[in-house]
Structures are given as C-alpha cells and as structure tokens.
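Enquirer: Place chains B, C and D on chain A using the hints.
Residue numbers (my numbering), protein chains in the order written: chain A, 1 to 139; chain B, 1 to 139; chain C, 1 to 139; chain D, 1 to 139.
In short, the hints are calculated from the structure, not lab data.
Bear in mind that the values here come from a model prediction, so they are computed numbers and not experimental data.
All residues carry an ideal CB built from backbone N, CA and C; glycine is no exception.
Please note that the accuracy of each hint is not assured.
To be verified - Computed beta-carbon distance windows for the label pairs: (1) C:P123 to B:M1: 45 to 51 angstroms; (2) A:G19 to B:N3: 27 to 33 angstroms; (3) B:M1 to A:D113: 39 to 45 angstroms; (4) A:S135 to D:R9: 30 to 36 angstroms; (5) A:G19 to C:R46: 37 to 43 angstroms.
Said to hold, decoys possible - Coverage of chain A stretches by chain B, computed from C-beta distances (three or more under 8 angstroms per stretch; other residues unrestricted): (6) 23-35; (7) 59-68.
Protein chains: 4
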Amino acid sequence: MYNHISSYRVRYADVDQMGYMYYGNYPRLYEIGRVEALRALGVRYRDMEESGVWMPVYENNSRYIRPAQYDELLEINCKLETLPGTRIIFTSEIRNEEHVLIHVGRTTLVFLDEATRKVISCPPMILEKLQPYFSCDTG
Amino acid sequence: MYNHISSYRVRYADVDQMGYMYYGNYPRLYEIGRVEALRALGVRYRDMEESGVWMPVYENNSRYIRPAQYDELLEINCKLETLPGTRIIFTSEIRNEEHVLIHVGRTTLVFLDEATRKVISCPPMILEKLQPYFSCDTG
Amino acid sequence: MYNHISSYRVRYADVDQMGYMYYGNYPRLYEIGRVEALRALGVRYRDMEESGVWMPVYENNSRYIRPAQYDELLEINCKLETLPGTRIIFTSEIRNEEHVLIHVGRTTLVFLDEATRKVISCPPMILEKLQPYFSCDTG
Amino acid sequence: MYNHISSYRVRYADVDQMGYMYYGNYPRLYEIGRVEALRALGVRYRDMEESGVWMPVYENNSRYIRPAQYDELLEINCKLETLPGTRIIFTSEIRNEEHVLIHVGRTTLVFLDEATRKVISCPPMILEKLQPYFSCDTG
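Okay, chain A solo, but in the shape it has when bound:
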C-alpha cells in the first residue's frame, strides 16, 4: 500500500448555511490528496498531462460521516491499496482537528491517451515508482 497525508483548511468559500462544508466540495479535497500523493512519489500530474496522458474520473463514492466546519484544518489521507492497471483507485480518508474520521471518498480514474482518447494502461513512470510499496516478501 502507498499513502500520503495532506492538509486542508476549510474556507468560507467552502461552507454552506448549515455551517458545514458543502457536500460538493469534497472532490476538490480528493484532488489535492491524490495530486500531492503522486508528487510525493516523484510524479507531477502536470508533467503527465503534458506527456499526453489524461486521468479523467470514472467513478466516485463518497461517505459523509460528520460535517467539516469552517476554519478546521483537515487531514487528507490518500491511499492506493492496489497497483493501477487501466484504472487507478484512490481512497481519501478525511479527519478533522480531533483526528476523528469524518469522510471517506473512493475515486476511480482511468488513463487516457490524449491523442486517441482511448483508455491505456498506467504509464511506467507511475508504475515503477509504486512497485516498491506493493512488493511482497515470498520466502
């Protein structure tokens, strides 16, 4: 498994009139989580895109456990639990300032060749960097 933790401060822009972060703003947090998880691995999404590989979202599941409130400093724990093939699945666990799990997102993206708009396999530049986190000791 590979994981990376980012933080996010809830802004006035994010909060609705219940005083909660609007439910539609969580995907922005998942984006931050996965882009920073890739950056920590040495992969910049902007470089990948410039090399002609896009990563559109295929599916997303969100579970709202407790609300996030204005000005809270959230923790985004972005996890990759399986090696990507033609799809890559990021799980985002979001915790509040008291380290309580308040939200879980599970986002599946595909790799797309910009030129042909066809689904392709995970580029070697990502796969090679992930491999060490997924190798198993077999004795």
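Expert: Only chains B, C and D this time, still in chain A's reference frame:
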C-alpha cells in the same frame, strides 16, 4: 416513482483544462435536480429548512460515462424510486444535447432536526405529496 | 446601449454560513449574464473560441449593496454601454426577487488571438451585431 | 503597514479550458490571504464571528495582469495599508513561481454587528494588534 427534469447550461466556471466539466461540479447539478424536483411537487427546501428540518448528504455515488462540455445544455432527470423514510435517495441521470446519458449520480440524504441534530423521519409535508406517485393498484 | 436580462436561482452551493451568497460567486453570475447577452445577439461564445478568439478578463469591479439569499431568483441585467474596441466592458446589475438592486459588477475583457496570444480588435461578427444598438440619429 | 504572505497551489478545480485559473476563483485566494494575515496577527476570523462580528464584503476590485496556470505555487501578499475604521481594506498581490506579479485584488469589507445587522467600528481585538504596525515616529 416520482421524477422531474431540469436543465443546466455548462458554464466556463465549470469546465477544466481538458475541456470537460470538472468532476467535482456534478454535485451542484444533483442539488439543482432535487431542489427543483421538490419545488415541482410543491415543497420548497428553503421552507423546510426554516421549519427546522435539515437535509445533509449521507452518501453519494457518481458514475462518469462521458464528459460534459462547455456551453452544452444538459438535462437532469431527478428520480425518487422509493418513498423516503429517515433517508431519501435521489437518482440524477444527466443527458447531453444529443440525449445521450453521460452521467449518473445517486445521492442519499437524511432528515435532521436542526434543534437536536438527531435524524428524524421524512416530514409529512413531503410524504403526503409523494404518496400519489407510489400508490399501487391492487385488484 | 445593448442589454439583456438573465435569471439565476441562488443555490445551496453558493451560500456561505452568514446565509448570503459567497462574494466570490458573483463572477459566475456576470459570466452567465454576458454569455447569454451575446447569445441573444446571435453570437455564441463557444463558436468564437473555436474560431480562435479568446476573451480573458482584464479587470473586474464589484459593488456589494445587499446580500443575495438562498433560493432567491435573481435578475441579471447585463449592459454594454459602449461599442467594444480591443476591450469590451459589461456592466451586470443584479436585482433580487423584490426588484431591489443588490449588486453591480463591471467586467472588462480583452480579445486575444489564440495563436499569437496578442490582443486584437473586437471581431466583426460581434461588432456588426452590436452596431444597430449604438447608431445615433443625427438629422 | 501590515502584510503577510500565504501560498496557494492552483488546482485542476480552479483552471478553465484556456488552461488559466478561472477569473472567479481569485476571491477565494484573497480570502485565504486575509484570513491568514489576521491569524498571523493573532486574530482568528472564526472567533470574531462567534463573538457576533461579521465581515461582509462591500467592494472588490481585481486586476488580471497575467494568467495563473495549473499546479503553479502562487504567493499571496496580503497588505493592510491603513488602519481600519468601519471599513477594512486588504490589498492582495499575487505572484507566480517566477515571482512575477500576475494579479492585484483590493477588497473592502465592513464590520457588522450580527444581532443588529448594523455597521460598527473595527473591534478593539483587531485594532490593538494592528496599532504597532501603523505607529509613526514623531520627533
């Protein structure tokens, strides 16, 4: 079943640098779909909130079939397939200008008493209006 | 002068914890106002962009007179008070359900050649359509 | 003068199909700049709001000099050039990764008593903390 169709024009504000509507903007469309579906039924969400009943989102699942593009006039078909209890489930089918299904969202909300912050049953003001759409002819 | 009126329903996504539309959401309303003003004139911004002319924003001034509230149906009166040259200035007057002026935005955009990224003059396709609204009767 | 520098990474959520940060997303950056400027001073906006003082925006002027691009790490230099009275004026200078000034925002907010919804003077809790930065040596 109860359903209602709304329309949504994709704005520059919504589109990312792939030229697609950003994946995090779909929840805004589901919101429009369900609020207008309730309004068509004679229930204004703002009145419900003023009466002390909140409807926070509990769960959301999104399936991205094809991208929505700038300036497209989308159709949001919001469906209620079961009568609400303590939860209400809206399915949003989004179609593009060619009437092709491009996206499906499934959003579960709960009814919350603002004062106690406890989950309650669907208020009668909604239930009574929905009942006619769910009565079955048994002969 | 040329003007066009659009409407906009304030969404939960737009409102902050004061119960007011977040100050940063008004530019989305100006965008709707000016794109629909151009469409009513027979000019689709998406066609212009496809023909290689971009209209990035150069300057924006916003005056917040009264708050817009959740679920209000706002009126956006988008005005062009002068014929565009290399710049085009849209004034957006926003009124609430009681027809009270609550907000004024003034947005200046430039015309940009996508290929050279140089500022150019207003394309004839817009200018010709606007001319009738600005011709003066001199006897 | 009092100033404080924050940083902001441009996200996919922020960028439009020109590949530029959408013009309507800059107010979010000003918000981050001024809230962090106040926090660095020892004032948390959330505490102020809980004490019954709101700060709605009264006016905003934005100058777009150069575009901000996806994944750039921007610098937000938030300046207070005069001591607040019933209004407080924040100037946000935004620079890109090459330290080039790309954007200037000037946001005027008022202090509002939540209970009466009347404009009030800047609360002492802010004024006292700012005073040292504005005292002049007179010999």
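Enquirer: With reference to the structure, classify each hint as holding or not holding.
Expert: Right, here's what the structure says about each hint:
1. C:P123 to B:M1: 45 to 51 angstroms: With Cβ atoms ~49 angstroms apart, the hint holds.
2. A:G19 to B:N3: 27 to 33 angstroms: Given a distance of about 32 angstroms, which is inside 27 to 33 angstroms, the answer is holds.
3. B:M1 to A:D113: 39 to 45 angstroms: At roughly 40 angstroms between Cβ atoms, D113 of chain A and M1 of chain B fall inside 39 to 45 angstroms, so the hint holds.
4. A:S135 to D:R9: 30 to 36 angstroms: Hint holds: Cβ distance 31 angstroms, inside 30 to 36 angstroms.
5. A:G19 to C:R46: 37 to 43 angstroms: holds (38 angstroms)
6. 23-35: holds (count 7)
7. 59-68: holds (count 7)
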